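*Asks:* Go by the hints and put chain R onto chain H.
In order, the protein sequences belong to chains H and R.
Each residue of the first sequence is one higher than the one before, starting from 1 at the first, in the UniProt record's numbering.
Each residue of the second sequence is one higher than the one before, starting from 1 at the first, in the UniProt record's numbering.
Keep in mind that the hints were calculated from the coordinates and are not lab data.
A hint or two may mislead.
Counterexamples of contact, computed for chain R against chain H with all Cβ distances above 12 Å [said to hold, decoys possible]:
1) Pro-26
2) Ala-52
3) Gln-81
4) Asn-179
5) Val-334
Sample of chain R residues facing chain H (criterion: CB under 8 Å; computed from the structure) [unchecked claim]:
6) Asp-181
7) Val-185
8) Met-205
9) Gln-208
10) Thr-220
11) Ala-221
12) Pro-362
The structure displayed is predicted, hence computed values, not measured ones.
Built from N, CA and C at the ideal position, the CB exists for glycine as well.
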Amino acid sequence: MDLTAISPTLLVASLMVAATPILLAALGEMVVEKSGVLNLGVEGMMIMGAITGFIAAVETGSPWLGFGAAVIGGAAVALLFGVLTQVLLSNQVATGLALTLFGLGLSSLLGQGYVGIKATSLGRLDFGPLSDIPFFGRVLFGHDPIVYISLLVVVAVWAFLRFTRAGLILRAVGESHEAAHALGYHVRRVRLMAIAFGGACAGLGGAYLSLVRVPQWTEGMTAGAGWIALAIVVFASWRAPRVLLGAYLFGGITVLQLNLQTAGAQVPVELLSAAPYLVTILVLVLISLRAGRSGDAPADLGKPFHASS
Amino acid sequence: MKFTTMLAGALSLGLTGAAFADAHEPLKVGFVYVGPVGDGGWTYQHDQGRLAVEEEFGDRVETVYQESVPEGADAERVITQMALGGADIIFTTSFGYMDPTNNVAAKFPDVKFEHATGFKREHPNVSTYDARFYEGRAVLGTIAGHLTETDKIGYIASFPIPEVIQGINSTYLHAKKVNPDVEIVVTWAYTWFDPAKEADAARAMIDQGVDVILQHTDSTAPQAAAQEANANGARIFTFGQASDMSAFAPTPRVASIIDNWAPYYIERVGALMDGTYEQTASWGGMPEGEVVIGEITDAVPAEVKAEAEAMIAAITAGEYHPFTGPINKADGSVWLEDGQVAEDGDLLSMDFYVEGIEAEIPN
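Next up, chain H with everything else stripped away, as it sits in the complex (with noise of 0.2 Å):
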C-alpha cells in the first residue's frame, strides 16, 4: 500500500469535476420539487443534454455553445413532460420515468454519427498568479469555468428560495397549490418555469459529462446519475446547502475509493465501490435528523393541480 501515491491536491480537484454533473441536476430537481412537482425524468434530460451539447460542440467548435444547447436541450425536453403533466394532467410519476426512457432513446438516435469524435472542451479558468498558490491554486483557482457556475448555482438558488417573492411564491405552489391559487398566483405558470429550469440544469450537467469528464459522447454515457441526483435531493431534504453537500460527498469518495484501490488500500473493494452511496446517505439522514423535521418534503409534491378543481 502506498497511499503517499495519492495527492490530495489532485484528489480535491478530481473530485469536483466527479461532482458537478449529479449537483447540477439534484439542484434543478430541487427546484421542481420545491415547486410541488416530481419529475422522475432527470436521467433523460440529462442525456439529452449530454447529446445536444455534444454535437453543438463537435458542429460549432465552441464548447460554450455546447453548453447553452445542452441548456436549451435539457429545457425543452423538461417543458414536454412540463405540458404533459401540467397541462393535459398526466401522473408525474409515469410521465417522470416515460420522460428518462424517451431521453436515452432520443440522445442514442441523435448521436449515431458522433461516436469516437472528439469535442473541444473548455479550458481551466487563468487566474494568473493565484493558481500557483500551493493546493488551494489548484483547488480553487485551477478549474473550468462550469464549476464555478455550478457553484454559483447554488448560491443563487438558495438566495433566491429564501430571500426573494418569486421564491417563496415557488415555496407556496409547492406546499399548497389550492391556498397559492386562491391569493392569485399562477400555479401552473410557476410550476411550468421550474420544470424548464430543472430541465436546462439537468442538460446543463449532463453536457458536463460528455464535454468535460468523459469527454466524449456514448450511448447511455449517463448511467445512472440522473437516479443518483433524485436522490440526493430527498436525503438533502430539499435544501441547497446540503445539495452541494450531497453531490461532493458522493463524487468525492467516489473518485476517492478509486484513488484508494489503485494506491492498493488494505480495505475490502467491495466496501470501497459501496461507500460514495453508504456513506452519502449516512450524512445527509444525520443531518437532517438533527435538523428536526423543518426540512421534509414540500406538501403537495407530486399531487396534480387543475384551477377548476
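*Replies:* Okay, now just chain R, sitting in the frame of chain H:
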C-alpha cells in the same frame, strides 16, 4: 364467434407447424445486450455479429435485440418476453445473464438458448460460448511491459469473475516476462459500462504514475481520459477493448483486443436451420478467429511489434499457451510445473492471482 376464434387459432397453429417443417418462415434470432449498441466496445461487437448473421442468411432470418438490459431479474423478464415473442434461438451476451437464461430455458424447451461467457448448462436447450480473451491479453501484456517507463501498468477491471481474472493474470505474466520490474495496479469498477466511472478510474491511475492502461470495461472513456492527459503533456498508452477503438489511434490506443463473434453466430444459426444444431460449450480463441488483435500502431517500437506478432502467430498455430508453467499462485503455492499447460477447467473457475500481484481478489 368463439368457434371462429378457435378455428383461427387452429389454422394458425397448423400453419406455423407447416411453415416450420418447410423452413419457409424466417428463423427468429434474439439477442440480449448488457450495454447500448453504441458503446463502442463489447455490445457493439455482439451487434456486429448480429448484422453478420443477417447478411449471411438474408430473408431466412429475422433478428431482434434488446439493449442495456440490467443483469438480474430484469434480464429474466426480457428473455422471457423474447421467447414469448417467437424467437427460435436467443443469445444472451453477458456473464450476469447466466442464471436468468437457465431459468427461462426451463420454461421454453423448444427455444434454443446460448449464453456468452457463462458455464451453467442446466437444460438440454442451453449452450454456452466464450472466447479465450486471455490469449489476446498475453499479446497486450507483452506490449504493455515494453512500453511502460514507470513500471506501473493499470488494469480497469469490471467484476471479479474468472474471465476478468484470467485477463489480469495473463497481462501481468507477459508484461513481467519482458520487464521484470513491472507492477500491475488493478482497480475494480464494479460495472461493465459507466463511462464517467471508467474515466475517473483511468484518471486516478494516471495521477498515481500508471503510464499504460488496459481495461476490461466496455466504453471508450478511459481512452478519452488518456488522450486528454497526453494533450496536457503526459505519456499514457491504452488498448482498445472488445472493439478496435481506432478513433484513438495511433496514441494513446496502440493496439486492441477485438471480439469477433460473427463466425460463431453464423455457424450456430446455420446449424439450427439445417438441423445439425447440438448443445455445446464453445471456447474459441485466436485459432478460430474469435479473438483478434487490432492494428499495432507505429507508436510501438518495431522490435516490440515483431515480438507481439510472433506471439500472435504462435498462439494461432497452437504452439504457445499463455498459461504455461512454471507459474505459482499469489500465495506462493505451485500452480503449474515447468512446461505444464493450464487445464480449461482451471481457467474457467480461476479465482486466484498469480505470484507477484500484490492484492486481494474481491469475492
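*Asks:* Verify that the Cβ of Ala-52 of chain R lies farther than 12 Å from every Cβ atom of chain H, and report whether the claim holds or is violated.
*Replies:* Given a closest Cβ separation of 19 Å, the condition holds.
*Asks:* Minimum Cβ distance from Ala-221 of chain R to chain H below 8 Å?
*Replies:* holds, 5 Å
*Asks:* Just double-check Val-334 of chain R for me: nearest Cβ-Cβ distance to chain H has to come out over 12 Å.
*Replies:* holds, 25 Å
*Asks:* Hint check: is the beta carbon of Pro-362 of chain R less than 8 Å from a beta carbon of chain H?
*Replies:* This hint holds: Pro-362 of chain R lies near chain H, its Cβ roughly 4 Å from the closest one there, short of 8 Å.
*Asks:* Closer than 8 Å between Cβ atoms is the bar; does Gln-208 of chain R clear it against chain H? Give me holds or violated.
*Replies:* holds, 4 Å
*Asks:* Min Cβ distance, Met-205 of chain R to chain H: is it shorter than 8 Å?
*Replies:* holds, 5 Å
*Asks:* Against chain H, does Gln-81 of chain R hold up as non-interface, every C-beta pair farther apart than 12 Å?
*Replies:* holds, 16 Å
*Asks:* Go through the hint on Asp-181 of chain R and say holds or violated, using the shortest Cβ distance to chain H against 8 Å.
*Replies:* Violated. Min distance 15 Å.
*Asks:* Does the no-contact call for Pro-26 of chain R survive, Cβ to all of chain H over 12 Å?
*Replies:* holds, 26 Å
*Asks:* Can we confirm that no CB of chain H comes within 12 Å of the CB of Asn-179 of chain R?
*Replies:* Asn-179 of chain R clear of chain H: closest Cβ-Cβ about 19 Å, beyond 12 Å.
*Asks:* Quick check on the hint: Thr-220 of chain R CB to chain H CB, less than 8 Å?
*Replies:* holds, 6 Å
*Asks:* Would the stated hint for Val-185 of chain R survive a check requiring a Cβ distance to chain H of less than 8 Å?
*Replies:* holds, 5 Å
Taken one by one, the earlier hints fail for this structure only at number 6.
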